[in-house]
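J.: Chains as they are written, first to last, in my numbering: chain A, 130 to 450; chain B, 38 to 322; chain C, 21 to 398.
It cannot be assumed that every hint is accurate.
[Unchecked claim] Which residues of chain B face chain C? A partial, calculated answer using Cβ under 8 Å:
(1) Ser40
(2) Leu42
(3) Thr151
(4) Gln152
(5) Val155
(6) Gln173
(7) Ser249
(8) Gly290
(9) Glu296
(10) Val300
(11) Phe318
[Claimed, not checked] Using 30 Å as the maximum straight-line C-alpha spacing, the simulated DSS-like pairs for lysine-lysine come out as follows:
(12) A/Lys280 with C/Lys212
(13) A/Lys301 with A/Lys232
(14) C/Lys342 with C/Lys355
(15) A/Lys280 with C/Lys103
(16) C/Lys185 with C/Lys212
(17) C/Lys342 with C/Lys80
Hints in this document: simulated from the structure, not taken from any laboratory. Think of the CB as a built atom: it goes at the ideal place given N, C-alpha and C, for glycine as much as any other residue.
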Amino acid sequence: MTKGFWLKILIVIITVLLPLILNGYQLQVMVMVGIFSILTLSLNVISGYGGMISLGHAGFFLVGAYTSAILTVDAGVNPWLALIAAILVTALFGLLLSFPALKLSGHFLAVITIAFGLIMQILAINMEWLTGGIEGVSQIPRPSIFGYDLKGDNAFYYLVAVVLIATFWLLKQILHSDFGRSLRAVRDDEVAASCMGIDIRATKIIAFVLSAGVAGLAGALYAHFVRYLNPDSFTLEISIRVFLMVIIGGIGSLGGSILGAATVYLLPEFLRFLDNYYYLAFGLAVVLVMRFLPGGLISLGPILERGISRGSTSKRRRKDA
Amino acid sequence: MLSTLLFSGIAMGCLYGLIALGFVLIWNTAAIVNFAQGEFAMVSMFFALTGLTMMGLPLVIALIMGVVGAFLLGLLMERIAIRPILGVDPLSVITVTIGLQILFSNGAKFVWGTQPFVFPQYFGTAPVEFMGLRMQAQSLAIIVVVAVLAIAMHQISQKTKFGKSLRAVSQNRETASLMGINVSRTIALGIGCATGLAGIAGILMAPITFVSADLGLPLLIKSFIAAVLGGFGSYPGALIGGVIIGVLDNLIGFYISSEYRDVILFGLLIIMLLVRPSGLFPHHR
Amino acid sequence: MPKTIQALCTAALVGFTPAAVLADDVVTLGLVGIMTGPNAQNGEFVRNGAMLAVEQVNAKGGLTLPDGSKATLALEVVDDQGKPDIGLNAIRRLVSDQDVVAFMGPDFSGITFPTLFAGEEAGIAQITSSIAAKITNSDYEHIFGGRSNDGQWMRALLDYAVGDKGMKSVGLSFTNIELGRSGKDVAVEYLKDNFDIEPLVEVSHSYGDKDLTASAAQIAQANPELLVNWGTQIEAALLLRQLRGLGWNGVFAFNAADDIFSSLAQGQSEGVIGPQNWVWTVDDNQTQSFVSAYKEAYGNNPSPHSIVYYDGVRLLAEAAAKGGDSRSGILTALKSMNAWEGIQGDYTPSGEGGNMISDVVIIEYDSDIVPQVVGRFE
């Protein structure tokens with residue numbers, strides 16, 4: 130049994146037992162961590178593995194959330210169907226956004242993604258007939274499984290946990306396949322990649338569609354969890370925060386994304402005693418982490434490992450991260 | 038009305054352009070995207086305001102205090118947060134500056150509170166006549182100051198040793214250092230100047246808008262867009278990009294729609310970038 | 021900084037007192053308001069008004085419950101930051117605390133309306149200073165309007181400006197929030213039906229917008245005699261400044277012309293008119309003693325929000341005294357009260373939909389930037 134296997138078992142056990150240990154509010158926070166982990170994973174696909182900076186992922190998050198919300202509240206659609214619709218609609222927007230990505234890179238692409246995120250937010254604010262404007266959509270229903278309403282936060286927590294694990298597994302398969310290798314090749318050197326026969330355009334388009342779809346999934350889950358949406362939850366700050374989650378967790382590492390999401394989301398909770406100034410400490414924390422751990426938090430793993438094996442007296446071969 | 042809108046648009050655009058100039062300066066000299074660039078404009082406003090209200094300084098001294106404050110803060114930022122990470126991968130660098138943006142804007146909230154403040158007018162609020170056109174006195178002042186600054190900066194860049202060092206470092210750091218230029222000091226001063234420029238934009242902007250701690254991010258976005266529009270690396274491009282944004286902002290808002298103004302503006306930006314992917318004045322490093 | 025330390029202390033005193041010490045002698049009222057963020061001054065006025073009432077009640081020995089025992093009033097304050105989703109979270113936190121038997125707030129209509137279902141589901145009485153008419157007209161059983169709604173305000177304002185003062189041309193501008201839009205709709209209808217006037221211009225701006233040049237230009241070009249601006253203070257002050265800079269000299273009317281607005285608009289506040297439920301210059305004895313008590317405790321004049329929460333606390337205390345210190349007890353008691361005298365005016369808690377009060381005053385800022393009462397409507 131490898132070390133990784135026991136770690137996974139441990140994680141599963143903790144995940145299952147968490148609702149029994151935490152109180153109502155804390156559990157709600159963990160659900161949000163789960164939702165944002167999915168969102169972070171989605172951004173990691175194009176920014177981490179694909180090397181394409183996106184500071185507008187809140188836009189995809191918004192599309193997914195509002196699609197599911199509007200369908201269930203205004204059109205009475207079943208939440209599960211609405212969720213699927215949300216994924217598809219958001220993926221469509223991903224397709225749309227992939228076209229500028231084909232022509233532009235680096236800062237130029239970053240600006241387009243910023244513009245995208247801001248445009249989506251402004252549209253949500255002003256198209257009141259569709260989105261409810263700045264007051265948003267309220268009384269979004271929870272989905273139900275075989276008649277059992279997921280009204281309780283416990284039940285929804287398990288739903289998010291299952292979705293997160295499934296998404297993680299799915300992305301892992303995809304990113305370790307040929308497509309994943311193509312994506313990383315495109316990130317590292319586009320010219321070399323095309324020389325090797327990789328279809329750059331197709332790779333980028335698929336990456337965007339995939340990323341958007343997963344972000345849309347996160348958005349739909351968000352809508353049905355908090356049950357109230359308004360444009361204020363989809364600001365540039367949110368896009369920036371998700372970006373920070375990817376970087377702090379460690380780009381190009383799926384586990385890092387979850388770690389990053391958990392850290393960035395939970396840090397303000399632990400710093401709550403600082404009242405409104407926790408954001409100040411948060412900014413400081415970001416600067417410090419990047420300064421001393423440029424590889425992200427996931428790089429702590431190997432560092433710790435090396436520290437531990439150096440500490441033991443027996444000679445062991447160091448495992449590569 | 039058109040002339041008023043044009044002039045106030047040009048004025049605001051000059052300010053965006055000034056901040057964008059600083060942004061591009063930092064990029065050219067240190068290869069860093071300073072996400073906190075907008076915060077320096079905000080901070081200089083607050084320094085000036087504090088000088089005015091709490092220390093009772095005369096207006097001009099307070100304004101100078103604001104700009105100098107932004108310059109010094111930039112030097113501090115370079116020393117503590119930037120210098121150690123120069124040369125590290127760009128993604129990490131931009132993350133550090135994002136962290137700094139959060140730090141500065143919340144730091145300002147911590148020190149000065151979250152309420153907006155009124156900054157005294159320099160020339161009163163009545164409009165003036167200039168060359169037969171009606172406009173705000175402040176708009177005129179801004180345009181004049183920025184024009185003078187632009188000329189001065191060009192001279193500095195071409196004629197002074199510092200300006201030449203900056204250009205040398207932008208082109209090739211290794212060669213510059215081989216030529217005897219103190220690269221790290223040049224970079225530090227370059228960053229200080231860039232944040233100082235943002236500081237000047239700040240004090241020029243203060244009477245037009247209310248001073249509040251959350252001004253930084255929107256300013257950054259506008260100037261980032263201006264820099265990209267201008268070709269991301271070109272100085273005249275940054276200024277012109279800023280002016281275009283300022284003018285379009287007003288014209289679109291007035292003639293087309295005030296609610297969807299930003300959507301249309303961003304839409305135009307996207308279209309422009311698709312047509313000319315390297316911006317208006319492509320700059321090759 | 022001192023304000024936040026004050027808030028921290030208040031929260032500490034109220035929130036962290038160990039339950040064992042206070043046991044069942046405490047009746048806890050909740051308060052949700054804008055405690056941080058750009059409109060935090062609003063929250064400060066709100067909280068201070070409530071705190072003053074709480075302190076005064078406790079200074080008199082607390083309130084007497086139906087069974088004869090005495091109880092101390094306590095206030096649990098939560099922050100909505102002026103944002104609906106944070107507000108929803110805050111209200112949920114409040115109602116999940118079983119000690120809270122009734123609560124007050126939010127102030128922003130845009131936060132109150134979408135979150136009403138939280139209070140309704142919990143069966144808890146809620147008094148709000150929000151003025152959007154939709155709030156009390158939507159069949160919620162637990163909500164009470166702490167001041168007149170904006171429909172009443174708008175009509176009173178127009179009666180004064182167009183009816184009494186004879187202004188002929190009107191422009192409308194509004195912040196693109198529920199409050200702004202509903203106010204504008206009322207204005208358009210009322211102007212047409214009662215005065216046969218159509219607005220010369222209708223512009224809107226977003227909440228948080230820092231550049232209102234385009235809106236100001238449209239208004240200045242149309243040049244109405246009266247501009248009715250419906251929305252939030254910061255944007256209103258900015259708009260006014262830009263309008264004056266463009267040379268527009270008409271009368272500016274605004275629904276939230278209070279000290280927050282005047283501290284931003286400064287000298288330009290002169291001549292600004294607006295509807296309010298109450299202002300600190302109203303010259304009756306009760307008002308003046310409230311004002312001096314407030315001033316002594318907090319150092320400045322109370323805003324029209326302060327009085328809503330001051331009266332609100334006292335009203336809730338009376339309801340608890342009648343119906344007992346439980347959620348249903350207070351709610352039922354309120355619904356059965358036909359008349360209650362507060363400082364703002366006479367309340368009818370049993371009023372339909374929760375409309376308790378309909379008094380409106382029209383104020384105008386004089387050259388000393390003091391709001392003078394120039395008209396009263398009921």
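J.: Failing hints, ascending?
T.: Of the numbered hints given earlier, those the structure breaks are 1, 10, 11, 12, listed in rising order.
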